[in-house]
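Peer 1: Sequence:
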Amino acid sequence: MSYPVTYHCPHCETIVALERDGYLADKSVTPYPFEGWQYVEPTAPFEDGAADGVRFVCGESEGVTWDPSDESEGDPGCGEPFYLSFVRYENGTEIDPRPEGERVRIDPDPRPSGPRGPGGPSGSGGFW
Numbered sequence: 002m003s004y005p006v007t008y009h010c011p012h013c014e015t016i017v018a019l020e021r022d023g024y025l026a027d028k029s030v031t032p033y034p035f036e037g038w039q040y041v042e043p044t045a046p047f048e049d050g051a052a053d054g055v056r057f058v059c060g061e062s063e064g065v066t067w068d069p070s071d072e073s074e075g076d077p078g079c080g081e082p083f084y085l086s087f088v089r090y091e092n093g094t095e096i097d098p099r100p101e102g103e104r105v106r107i108d109p110d111p112r113p114s115g116p117r118g119p120g121g122p123s124g125s126g127g128f129w
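Using my numbering, the first residue of the sequence shown is number 2, and each one after it goes up by one.
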């Protein structure tokens with residue numbers, strides 16, 4: 002059984018309703034795609050597991066209802082793309098779409114190693 006699920010455009014807060022089954026778990030709605038995720042248009046089959054999410058163009062994508070609660074006239078949306086990402090699993094573990102952060106090693110040497118302050122390389126200007 003399918004039912005309408007609503008999402009907000011992260012650019013302009015326009016609401017979109019997508020008719021879908023309830024077994025897919027949503028990860029997030031973002032203004033950018035996750036690296037390595039496969040996105041399809043809302044009219045393409047996405048519930049068979051072939052896609053990792055849905056790509057919308059705010060106010061323009063077909064197969065959805067834009068601003069279902071808005072009674073005003075005019076075209077809804079800002080025309081910017083945004084992405085609905087589903088939860089993905091690999092070997093039974095949920096995949097985190099964020100890239101792994103860089104590790105920084107802080108120099109343990111207690112001697113100053115940065116600039117000497119105002120006055121140039123000789124340090125003659127000293128500190129205030």
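Just so you know, the hints here were simulated from the structure itself, not pulled from any lab data.
A hint or two may mislead.
Okay, derived cross-link-like pairs now, DMTMM-like style, lysine to aspartate or glutamate, Cα gap no bigger than 25 Å in a straight line [stated by the list, open to error]:
hint : residue 1 : residue 2
1    : 28        : 63
2    : 28        : 48
3    : 28        : 76
4    : 28        : 110
5    : 28        : 91
6    : 28        : 61
Peer 1: Taking 25 Å as the top limit, are the C-alpha atoms of residue 28 and residue 63 close enough?
Peer 2: Measuring from Cα to Cα gives roughly 22 Å; hence the hint holds.
Peer 1: Can you confirm whether the C-alpha distance between residue 28 and residue 61 stays at or below 25 Å?
Peer 2: holds (23 Å)
Peer 1: Is the Cα-Cα distance between residue 28 and residue 110 25 Å or less?
Peer 2: violated (43 Å)
Peer 1: CA of residue 28 to CA of residue 48, is that 25 Å or under?
Peer 2: holds (15 Å)
Peer 1: Can you confirm whether the C-alpha distance between residue 28 and residue 76 stays at or below 25 Å?
Peer 2: violated (28 Å)
Peer 1: Quickly compare the C-alpha distance for residue 28 and residue 91 to 25 Å and report which way the hint goes.
Peer 2: holds (15 Å)
Violation of the numbered hints given earlier is confined to hints 3 and 4; the remaining hints are satisfied by the structure.
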